Amino acid sequence: MLSPKAEQLIHDYFHLPFPGVTGVRCPYFNNVRSHRRAQLRALIGKGLPQEIVDEAKIVSIQYGAGVFDHQGHCCLCDEHASECPGSITIRHFLIDHNLGVDCSGFINHVLRAHFKETKGIDLAKKFVANIDASWPRKLIMRLRPIENLGVRSALANDKNTEKIGDEKTGYDFSKIRPADLVIMLETGPQNKRSHVLLITDCDGQTIKYVHSRAWSGEGQYGHGVNGGEIRITKPSGGLLEQEWEEKIPPQQENLFDIGVLPQNETLLEAKQAKILEIRRVKI
Amino acid sequence: MDFCGPFSIELLQKALLYLIAATVGAFLWAPLLTRFLYKYNLTRRSDYDFTLRDGERSKKVGTPIMGGLLVIITVTVITLLFNWERKYTYVPMGVMGIAALLGAADDVLNIFGKKRRDRRISQQINLIKVHKLWRTKLWYAFTLPWTIFRRLVSCFGSHPGRGIQVHEKLSLQFLAGAVTAWWIYFKLSPYWHSLRVPFDGQFNVGWWIIPIVILFVMFTANAVNIADGLDGLAGGSLIVTFAGLTLISWAEGRPAFTLLNATVFGALIAYTYFNVKPARFQMGDVGSLGLGALLAINTVAINHTLLIPILGFIFYVEAVTVVLQVLARRIFGRRLFKMSPLHHHFEFLGWNEEKIVMRFWLIHGFAVIVAVWLALH
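Chain order of the listed sequences is A and B.
Numbering of the first sequence is given in numbering that gives the first Met the number 0, commencing with residue 0 and proceeding in unit increments.
Numbering of the second sequence is given in numbering that gives the first Met the number 0, commencing with residue 0 and proceeding in unit increments.
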């Protein structure tokens, strides 16, 4: 199991801590397209849940969006209703204002919390120290570690993580532990992206994982942090030969029912990856 | 009359007369100014000022800006007519004029100007590489340092680029500061080449007085500009500051500055009367930049440069919060305050405007009392 603080952090990403509002799943946001530089980390897909919540409140008040008031309470809540009906509106608001987290931001925060609690080390600083870069970039990395840790540069870096297995050499599924990573390099239709899944539990039969992703079939407002599991049906086979199942996020059941989301795009991404491997953080 | 005795009753009587004249004069022509500002539609708009999009603040849309003209023009007229001394009031009025003109241009362009193109450094470097005309290439290469300067300082600005841009503002403020420094260093006696340290006498800094003065003039002008965000905040705080300056210059027997500070004090009373919530008009950059520069230069001129941060305490606190917020945002990727300057942070916490303004006035008033006490030692 991951440490309690890491588990709590994952829970917070799945249920962003807006006071009085439940069920707001953190959306996916990647800064590659907007290319914001030297910005708040909540605005470049690297924020903690509380930072994303605070920024949402500030943006709402600043631009008079009417979603949150000056006390930070949701303006859409009905005081007579037990649950706020505004969770979908808030999620749309977050997405419209580029508030969310990308795959490496999410996993780096969770890993950092896990290793800080279990080993007493700041993983982000350790990762940064092992990345080769010019001294100005190194200085920036030390000041803003999480923002500068990508999948390829940090999580798939041999100095930071070691390979447990890949599609060629095979895997010993009984040795996989929580906090291991499923790394997908050069994936996507044009083999230009990288993606990472964080393993939260593994009993030799099932690998449970979480990640932050945006499936093409989910449209503008469906993406975000999500979980899933890989059922080990062929222990001698590779990851791609196992059964992959992605959890259906709340409010999206109908998309699967009507066939808008016919396939597991996480598995598709794993298939498209030129490099697919499981790695473990070196301590 | 260069100097007269300290605590001169005659000077005090004269200063009070200037104060009364400035107050009454400003009150008399304030309706004309209001009519002028409405006639030419010099009012706040929400299309360039995002702070007006919030519910409570949206009521400020349509309020005239450039109300600072009331103080600037009243002070200029009274000083030109009755307190014009080439050695003493000539340069402070000139510097205030430069800063006020800069502010006026910014105010007008913010309303009527067009959004300006802001070329990136990488774009300019690409143009140097690919442009087919060598003259144009040379021009782009020659102006590259200016582009780098513009891009670097643009991170401190929040306006979307209609008015005067940050790099232009800083350059013109540098000019105002340089004029002050030239006057202090070359035109006044060597006494002004030293900084007066409370309890410790004079500390000679030689030519270093030039960058020190430029820095103080630029920073103070911007600080007052930044603090002018709530109804009555900048006006009320400036009243206290100029009251303190009047007191110090009277106590030290400097007639020209006693009368100048008293005139500003009086004009500010009339201005703040119309500026308290709900404001009849707002100061605008014309007033805040002009009076900020005047605050700095008048303090430097009575040789209390080191007391500027205490005499302009609330302005400095507001400006420092902006600098800290920008640094925290750019360097660490986090907010230090919910919003900067500090008064917006308290607005986000749910304090109402009156509460923030009253408390800031009180804190500022106390700081000015401390500054006066230090100045008399």
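These aren't lab readings, by the way, just hints derived from the structure by calculation.
There may be inaccurate statements among the hints.
Facing chain B, from chain A, some residues (calculated, C-beta under 10 Å) [said to hold, decoys possible]: (1) His-14; (2) Pro-18; (3) Arg-40; (4) Gly-46; (5) Pro-248.
None of these values were measured; they are calculated from a predicted model.
Every residue gets a Cβ at the ideal spot worked out from N, C-alpha and C, and that includes glycine.
How the hints compare with the structure:
Interface restraint check: A:His-14 against chain B, minimum CB-CB distance 23 Å, threshold 10 Å, status violated. For A:Pro-18, the interface hint is violated, since its Cβ never comes within 10 Å of a Cβ in chain B; the closest pair sits about 14 Å apart. Residue-level restraint check for A:Arg-40 holds (minimum Cβ-Cβ distance to chain B is 4 Å; threshold 10 Å). Annotation: A:Gly-46 was flagged as interfacial toward chain B, and the flag holds, the nearest CB pair being 8 Å apart, inside 10 Å.
The restraint placing A:Pro-248 at the interface with chain B is violated, with a minimum CB-CB distance near 28 Å, outside the 10 Å limit.
Comparing the model with each earlier hint shows violations of hints 1, 2, 5; every other hint is respected.
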